[in-house]
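The lines below spell out each chain.
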Amino acid sequence: MIPSAFEYERATSVDDAIAKLAATGGTGKLIAGGHSLVPLMKLRLNEPTTLIDIARISALVGIRERDGLIEIGAGTVHHDVATSALLGAQCPVVSDTAATIGDPQVRNRGTIGGSLAHADPAADYPAMLLAVDAQIHLQGAGGPRVVAAEDFFQDLFTVDLGPDEIITAVRFAPVRAAAYAKLYQRASRFAIVGVAAALEVTDGAISAARVGLTGALSSAVRLSGVETALVGQPATAATVATAATGAGAALSDVSADLHASEAYRRAMVSVFTKRALEGALARLSA
Amino acid sequence: MAASPVLPKLVGQRVKRREDPRLIQGLGTYVDDIKIVGMQHVAFKRSDLAHARILSVETSEAAAMPGVEAVLTGAQIAEFVDPMPIGTPFPSPDHRAVATDIVRYVGEPVAVVVASDRYLARDAADTIVIDYEPLPAVVDPERAMTGQPTQVHADFENNLAVALVPGGTGVSADLQTVDDSAVDAAFAAADVVVSQRMHNQRLAPTAMEARGVVAHYERGKDTMTIWSSTQNPHILRTFIAGMNGMGQDQVRAIAPEVGGGFGAKINIYGEEYVVAGLSKKLGLPLKWAEDRSEAFLATTHGRDIIGYIDLAATRDGKVLGMKLRLVADIGAYNMLLTAAIPTLTMMMANATYDIPAIRATLTEVFTNKTPTDAYRGAGRPEATYFVERGMDILATELGMDPAELRRKNFIQPDQFPYATQMGAVYDSGDYEKALDLGLKNADWDAMKQERDAARAEGRLVGMGLAMYVEVCGLGPSSSLPTGGWEHSQVTIERDGRISATTGASPHGQGNETTFGQMLADQFGVPLEHITIHHGDTGVVKQGIGTFGSRSQAVGGTALHLAGGKVKEKMAKFAAALIEAHEDDLVFEDGRISVKGVPDSGKTFAEVAGYAYVPVPLPEGLTPGLSEEAFFEPANNTYPFGCHISLVEVDRDTGEPTLLRLVAVDDAGNLINPLIVEGQIHGGLAQGIGQAMIEEVAYSEDGQPLTASFMDYAIPRAADFPRFELDNTVTPTPVNPLGAKGVGEAGTLGSTPCIVSATVDALSEFGVKHIDMMLRPEKLWQIIHGGQS
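These protein sequence lines are chains A and B, in that order. Just so we're aligned, residue 1 is where the first sequence starts under this note's numbering, counting upward by one. Just so we're aligned, residue 1 is where the second sequence starts under this note's numbering, counting upward by one.
Simulated from the structure, these hints should not be mistaken for lab results. Incorrect hints may have been included.
Distance condition first, Cα-Cα at most 20 Å in a straight line; then the derived SDA-like pairs of lysine to any residue [said to hold, decoys possible]:
1) B/778 <-> A/263
2) A/42 <-> B/126
3) B/408 <-> B/445
4) A/42 <-> B/291
5) B/565 <-> B/521
6) B/541 <-> B/491
7) A/42 <-> B/119
8) A/42 <-> B/292
9) A/42 <-> B/710
10) B/778 <-> B/199
11) A/42 <-> B/521
12) A/42 <-> B/118
13) B/778 <-> A/254
14) B/778 <-> A/256
15) B/595 <-> B/7
16) A/42 <-> B/293
17) A/42 <-> B/48
18) A/42 <-> B/208
19) A/42 <-> B/297
20) B/440 <-> B/400
21) B/9 <-> B/778
22) B/448 <-> B/400
23) B/565 <-> B/497
24) B/778 <-> A/189
25) A/42 <-> B/706
26) B/408 <-> B/354
27) A/42 <-> B/400
28) B/778 <-> A/184
29) B/778 <-> A/185
30) B/602 <-> B/586
Beyond 10 Å from chain A on every Cβ pair, some chain B residues (computed) [what the hints assert, rightly or not]:
31) 26
32) 129
33) 154
34) 259
35) 291
36) 415
37) 432
38) 481
As the structure is a prediction and not an experimental result, all values here were calculated from the model. Cβ coordinates follow ideal geometry from the N, Cα and C atoms, glycine included.
Working from the sequences, and respecting the hints, build out all of it.
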């Protein structure tokens, strides 16, 4: 648990962070809460030469409404997401998801941007961001860039983020009828399977559905088969039960590890898809 | 004269721990807080293979790094560190503190670096290149017993560390003759026989403070001071002196604050020998602080015993006989007490029952895993688990209420002292009383109705019950190679304050509080006027240490006896000073006075001052007030209890949830019920952890799969329901306090009662037994796959 030697610099602004990161020639790492990076450094699985501390860049912190969307600054800690009154009122699935992350110590330090950049395949946020159809805002030396959540998560610990880019915020249109359901890995409290579901209902029928899955594959994905099965159907428990039934069986390359076999994970994808959809339905009437 | 404040009696009161304010505020001093001018830092290069021959160890790059003081291979260490001794009478393979030719588990030390700082030491260790010839590894003890696919130690055929030791009915004291006739007759006469194989799985102790050592050999004085996160500094001193060719007078061992031990800090580790030996060799103060990754690999594990139980009974539920075949996976080496731990499982096979015929056997097996040793409960939770699960399976087979089956077989109060088939003599007990209180507090019949109502809704709810009896208050000396006594010295200082020492070196037990309470009452002085010194062989003259729930029963009694001696002498000084007869004096409210005449006396401090400036010196007295006592118990103590749980399993996911945990514990007389409850809470937490979420896992080639808290789960406070605790009080006749010990109790009853409740919850699927831990997938398969 002894990291190798590294330099430490504190960035004063987003531009300063980008410049400092670029100056390391690809050997540096941004650090905010450090709750993904520091454990890897302690195990010497990641040995950056320089850490650029972005935790005190105030422009990266905060949850606000902007242009009819909700914006969460990348430096916002999970605790603040979990307890945000704005999110609680307009898009509670976001707060609910944050509240399931780790433990209070992790939630008090870890940031949404750090979690997204790290892209642990069992992280909670990605499923939720897929369900709310979020945009990930990035900035690099070449200027700002926006990537849809669906395109952002690419593979194991791999996202669409350049070596000199920094995540600045996530933005999404608030959706009330959405919920997150998760099977906890009992040691790490990451998701063995986590499913976020968001529904739009018109005249009693589901007009749009987005279902995001984390934990089961090498990266978070949308369950398009489930979404297709929902759209056009009445917004009822029977509909979501039917749609969720085959969710797990339809996947390929399902992960297996000490904590859950492939067969169990598949079954849990269906169980938690159903639970997330039921949660979303419950919010329709709430 | 102003009236003195009336001091309340403290023994039996819920006094808050005096230790906590400093620990909670971060004001404690742990080993890693020790700093000595010129101190260098030690890092160990460890094996990343489970079994391999060392072909070469290349250290030149490390040795060339500026700031690196020394780099040593196992062979170089072996020049001044002898093979590690063990504390049990079993044969043991050659075990080097640092491997010289073959590594036998992942985490075994292979080389040592000494450097000017900890980071540099680690960097240097990373540059050491070891060329290995991989050998086959074995992680399954029952496979290892066939001798395949490998021999862990060449001289131990079929990997048998201890080959089939018999115990129980018809076994002669020298183990040479085994008469099975009584056991065979019991099974022949039985209406019902149930049999089950069970695994009491391997656990990692995970103390909040990992291990650490600082050693400082002072060449000019030819003395060694060693600070270590240990449960027993006096035993450490003995072994460190012996290893370094020094006298015990030349070695001082200090256990500063110790952040948890759970049995894993009884052992004297290779790192302690190496750091001490290197300090002497190099003439430098040295520190090694274990990191968490090392702790998962290199600190001893606990449990890992397979039990095959057969119970023979009549149709109406009288148990006639038991067979218990134990196979213990002890990992790669014998450590200090390793081989003895499973013998405690065998010793407690009788449990709380009057079983007329028992045949137990024990085999201990080497595998390519981290060595095992004591872990909270150390052998007794395993026995409790096997027997109690067996009783539950029998109850199910007979269609009997599990409580009634137990009631029918208890050892009765008038049978104590009770000599078991296994050779133990239980001191005192009233098991039915504990059962009845447990059933009442749980409201057993209402619980059944609640369970059945939940089941009618389609929920999977079950209830479980377990009795336990454990061995505490270790010794006597005949049972421990170190001696089984404890020592204390009580000194009334010149100002009337009290300094007391105890050899029972605490690591969370709260002795500063409980022992202070005892002395406060004994002398009628405020608790704040008393300091309990511990954990330093330079201050505490003699001692054994803290393990086997012995602090109060053995250490507390030594304190009580030493206090009694000094009180007797102080009374004589007081009698001379106030011209009264010593038999008429009372020690109350900070005064010593004639009973019934408070104003007649002198303050405690006045009498103390007189004892140190004794003019005139009363006839027959020597100056001063400091007395010591050794206490040798005549027997162990045998606390007991009844634990009941209610568990729900999620039908969709297999996740178990503990809904209720009702515990009745009988630890004899209690000094501080608050501390006792804390001990029960901690024990329950670890027992629940074992039942539900904890398990050390290895791949087939011996790679650890649970080497961090990301994969090794330990319970959190939020995982528990509110524990419903109560107690009965059956004092022990073994010591004058009537105290039995409680530190490990919570780990005994909790595991079988939770597993039984879970089996009950899944009874509709025809499952008879589920091995720990209760992994959700395992339960889901029972629910959805028809497997058991």
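- Between residue 42 of chain A and residue 710 of chain B, is the straight-line Cα distance small enough, at 20 Å or below? 13 Å, holds
### Message
Verify this label for me: residue 259 of chain B is non-interface relative to chain A, using a Cβ-Cβ cutoff of 10 Å.
### Response
Per Cβ check, residue 259 of chain B is outside 10 Å of chain A; nearest 16 Å; holds.
Run the distance test for residue 565 of chain B versus residue 521 of chain B: straight-line Cα separation, threshold 20 Å. 15 Å, holds
Residue 129 of chain B non-interfacial with respect to chain A [C-beta, more than 10 Å]: The claim stands: residue 129 of chain B keeps its Cβ more than 10 Å from every Cβ of chain A (closest is about 16 Å).
Q: Below or equal to 20 Å on CA atoms is what counts here, so check residue 448 of chain B against residue 400 of chain B.
A: 14 Å, holds
(request) Compare the distance between the alpha carbons of residue 42 of chain A and residue 293 of chain B with 20 Å, and conclude whether the hinted pair is satisfied. (result) Holds. Residue 42 of chain A to residue 293 of chain B sits at ~10 Å (cutoff 20 Å).
| said: Checking one constraint from the list: CA of residue 595 of chain B to CA of residue 7 of chain B, max 20 Å. Satisfied? | reply: Between residue 595 of chain B and residue 7 of chain B the Cα gap is close to 16 Å, so the pair holds against 20 Å.
Exercise for review: Would you check the hint for residue 778 of chain B and residue 189 of chain A, treating anything up to 20 Å between C-alpha atoms as holding?
Suggested key: Between residue 778 of chain B and residue 189 of chain A the Cα gap is close to 19 Å, so the pair holds against 20 Å.
>> Minimum C-beta separation from residue 415 of chain B to chain A exceeding 10 Å: can you confirm that?
In response: The claim stands: residue 415 of chain B keeps its Cβ more than 10 Å from every Cβ of chain A (closest is about 43 Å).
Exercise. CA of residue 778 of chain B to CA of residue 263 of chain A, is that 20 Å or under?
Worked result: 12 Å, holds
Holds or violated: residue 440 of chain B to residue 400 of chain B, with C-alpha atoms at most 20 Å apart: Satisfied, since the Cα-Cα distance of roughly 19 Å is no more than 20 Å.
Interface exclusion of residue 432 of chain B relative to chain A, criterion Cβ beyond 10 Å: Its Cβ never comes within 10 Å of chain A, the nearest being 37 Å, so this holds.
Consistency with the previously given hints fails for numbers 11, 21, 27 and 35, ordered from lowest to highest.
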